[in-house]
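The chain contents come next:
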Amino acid sequence: GAVVSQHPSWVICKSGTSVKIECRSLDFQATTMFWYRQFPKQSLMLMATSNEGSKATYEQGVEKDKFLINHASLTLSTLTVTSAHPEDSSFYICSASAGEETDTQYFGPGTRLTVL
Amino acid sequence: GQNIDQPTEMTATEGAIVQINCTYQTSGFNGLFWYQQHAGEAPTFLSYNVLDGLEEKGRFSSFLSRSKGYSYLLLKELQMKDSASYLCAVSDRDYKLSFGAGTTVTVRA
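Going down the list, the sequences are from chains B and G. Positions in the first sequence are counted from 1; adding 59 to them yields my numbering. Positions in the second sequence are counted from 1; adding 206 to them yields my numbering.
Hint data in this document are derived by calculation from the structure and do not stem from the laboratory. Computed from a predicted model, the values in this text were never measured in an experiment. Just so it is clear, CB atoms sit at the ideal spot from N, CA and C, and this is done for glycine as well. Among these hints, one or two may not hold up.
Using C-beta positions, here's what the derived DEER-type ranges look like [to be verified]: (1) G:258 x B:74: 16 to 24 Å; (2) G:219 x B:112: 49 to 57 Å; (3) B:69 x G:315: 27 to 35 Å; (4) G:211 x B:98: 13 to 21 Å; (5) G:219 x B:141: 27 to 35 Å; (6) G:265 x B:146: 25 to 33 Å; (7) B:120 x G:229: 22 to 30 Å; (8) B:144 x G:300: 39 to 47 Å; (9) B:175 x G:225: 37 to 45 Å; (10) B:101 x G:257: 26 to 34 Å; (11) B:85 x G:220: 52 to 60 Å.
Partner residues aside, some chain B positions facing chain G, computed with beta carbon under 8 Å [to be verified]: (12) 98; (13) 102; (14) 164.
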């Protein structure tokens with residue numbers, strides 16, 4: 060149980076284009092989903108927290124107009140990187156928790172984004 | 207801000223025991239997690255401690271002392287597949303996870 064999928068697993072795009080990443084909880088309903096970014100040999104940094112049906116809460120320093128998050132259902136959240144630039148190249152990982160915020164977060168397999 | 211410290215690297219021999227320490231200073235505390243992360247993959251859940259003491263789960267055990275802001279992950283009977291990065295993460299008063307930089311464990315034959 061507690062399987063989270065992400066799609067795509069990797070993507071290469073040109074500078075200025077937008078990229079959408081999907082995160083799905085496959086066998087449970089995720090009240091809360093989280094989006095992280097990880098640069099090489101660094102730790103995971105929380106970007107935003109999203110609850111189904113409400114606006115995402117962004118961490119300080121994360122541009123909400125650049126990283127659009129939609130949590131339309133209890134099993135799907137999407138992250139759209141708008142007008143991507145090379146510095147946005149990173150490993151994007153989502154996680155989902157089933158109930159209370161104290162619940163364990165289960166991570167998706169990650170999406171490696173490379174912006175040329 | 208949050209401050210979570212763990213060693214950068216550790217090396218051990220197959221079959222041995224390794225202990226990874228983690229110290230933390232956070233705004234509130236709602237539990238401490240340990241995750242395993244292989245290169246290029248997402249973290250997988252290993253353990254969760256919210257009360258003081260030792261939690262044992264097979265070859266892996268995790269210990270917590272809230273008064274000392276300290277935890278450790280103990281890996282016994284090391285196997286080659288245990289070579290990975292081990293992440294200490296603390297849930298703060300807002301239930302957000304803050305991660306340490308990770309400890310890369312290398313298991314040698």
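Each hint, compared with the structure:
1. G:258 x B:74: 16 to 24 Å: violated, 51 Å
2. G:219 x B:112: 49 to 57 Å: holds, 52 Å
3. B:69 x G:315: 27 to 35 Å: holds, 32 Å
4. G:211 x B:98: 13 to 21 Å: This hint holds: roughly 19 Å between Cβ atoms.
5. G:219 x B:141: 27 to 35 Å: violated, 49 Å
6. G:265 x B:146: 25 to 33 Å: With Cβ atoms ~40 Å apart, the hint is violated.
7. B:120 x G:229: 22 to 30 Å: For residue 120 of chain B and residue 229 of chain G the Cβ distance comes to about 25 Å; the hint holds.
8. B:144 x G:300: 39 to 47 Å: Given range 39 to 47 Å: violated, Cβ gap about 30 Å.
9. B:175 x G:225: 37 to 45 Å: holds, 43 Å
10. B:101 x G:257: 26 to 34 Å: holds, 30 Å
11. B:85 x G:220: 52 to 60 Å: 34 Å Cβ-Cβ, so the 52 to 60 Å window is violated.
12. 98: Cβ of residue 98 of chain B sits 11 Å from chain G, so the hint is violated.
13. 102: With a minimum Cβ separation of about 4 Å from chain G (threshold 8 Å), the hint on residue 102 of chain B holds.
14. 164: With a closest approach of 6 Å, the residue 164 of chain B hint holds.
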